[in-house]
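Undergrad: One-letter residues, chain by chain:
2 protein chains.
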Amino acid sequence: MNTLGIDHVGVAVDNLEEAIKLYTEKVGMKLVHKEDLPDRGIRVAFLVGDDGVAAVELMEPMNHDDPNNTVAKFIKSKGQGMHHLAVKVRDISESLKEMEAMGMNLIDKGPRRGARGHLVAFVHPKSVMGVLLELVQEAHH
Amino acid sequence: MNTLGIDHVGVAVDNLEEAIKLYTEKVGMKLVHKEDLPDRGIRVAFLVGDDGVAAVELMEPMNHDDPNNTVAKFIKSKGQGMHHLAVKVRDISESLKEMEAMGMNLIDKGPRRGARGHLVAFVHPKSVMGVLLELVQEAHH
Chain A
1 MNTLGIDHVG VAVDNLEEAI KLYTEKVGMK LVHKEDLPDR GIRVAFLVGD DGVAAVELME
61 PMNHDDPNNT VAKFIKSKGQ GMHHLAVKVR DISESLKEME AMGMNLIDKG PRRGARGHLV
121 AFVHPKSVMG VLLELVQEAH H
Chain B
1 MNTLGIDHVG VAVDNLEEAI KLYTEKVGMK LVHKEDLPDR GIRVAFLVGD DGVAAVELME
61 PMNHDDPNNT VAKFIKSKGQ GMHHLAVKVR DISESLKEME AMGMNLIDKG PRRGARGHLV
121 AFVHPKSVMG VLLELVQEAH H
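Chains A and B supply the protein sequences, listed in that same order. In terms of UniProt numbering, the first sequence has 70 at position 70, counting the first letter as 1, and numbering is strictly consecutive. In terms of UniProt numbering, the second sequence has 67 at position 67, counting the first letter as 1, and numbering is strictly consecutive.
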């Protein structure tokens, strides 16, 4: 398989609006998308620099005390910070098959609909030296 | 200030060669640069996807038991994983001045020479909601 590039870096935050303010006013990025993902219990925002290529995805849990909310659990145990690394692939189903054949531990055996309508799937950090890896196939492919 | 885009994501690893193998063979990225940074006590490798834009920087401490090696300490306390987020800026000295004026906690008050000959400076995670932020000004600017 080959990776088209980095799609985004997921960052877990306590408060999405304050985080958007920080990243736009102090880090100098531009807000390009905001979305609620009720399936995952999070609100997200995507920000990019001038090149518009790789994004920062800010993620706030809808319920900070929900023990089943993975982002809320992440913040409770580790604090705010970088949560996952997402790479773009051309054919996510094919990539998942190849990764499974290589013995990687897949959290999602098949693609599901993620933010921005894209197809996404997560690979367990145990298989990626501590990095929670997300595969993203753009919706228009 | 404004950010040109994401330059790279720094990932702390136990073994650089094994990590390069993982990222090339299983994640599908290409190795574009390898360098020893004796000042920081680390060996690094940069990998990109087809777009060649944002990179993954794999970092292995030269001495895993050195209490002054920040990457070794990071791995000992948190395990392998994402360590910092680096954004490209046009004029790093100007960006640092603006950030200081906005009350951000700068680890490096001025730019220093980092990997690939670029000018770099780190901003404390306390000022970036838990994210260790690196500013990068490309050497040829």
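Treat the hints with care, since some could be wrong.
[Said to hold, decoys possible] In silico DSSO-like cross-links for lysine-lysine, where the CA-CA straight-line distance does not exceed 27 angstroms:
no., chain 1, residue 1, chain 2, residue 2
1, A, K30, B, K97
2, B, K97, A, K126
3, A, K97, B, K26
4, B, K34, A, K126
5, A, K26, B, K30
6, A, K73, A, K34
7, A, K78, B, K34
8, A, K97, B, K21
9, A, K126, B, K109
Treat the hints as calculated values from the structure; they're not laboratory data.
Undergrad: Each hint should be assessed against the structure and marked as holding or not.
TA: Hints and how they fare:
For the proposed pair A:K30 and B:K97, the alpha carbon gap of about 20 angstroms is at most 27 angstroms, so the pair holds. Distance check on the hinted pair: B:K97 and A:K126 sit about 40 angstroms apart at the alpha-carbon level, beyond 27 angstroms; violated. Of the supplied pair hints, the one linking A:K97 and B:K26 holds, its CA atoms being roughly 12 angstroms apart against a limit of 27 angstroms. Distance check on the hinted pair: B:K34 and A:K126 sit about 25 angstroms apart at the alpha-carbon level, within 27 angstroms; holds.
Distance hint between A:K26 and B:K30 is unfulfilled; the C-alpha atoms sit about 32 angstroms from each other, more than 27 angstroms. In summary, the hint linking A:K73 to A:K34 is supported, as the alpha carbons are separated by about 22 angstroms, within the 27 angstroms threshold. Note on A:K78 and B:K34: the hinted pairing is violated, with a Cα-Cα distance of about 31 angstroms set against a maximum of 27 angstroms. With a C-alpha separation of about 19 angstroms, the suggested pair A:K97 and B:K21 falls inside the 27 angstroms cut-off, and the hint holds.
Using a Cα cut-off of 27 angstroms, the hinted pair A:K126 and B:K109 is violated, with the two alpha carbons roughly 37 angstroms apart.
Of the numbered hints listed earlier, those contradicted by the structure are 2, 5, 7, 9.
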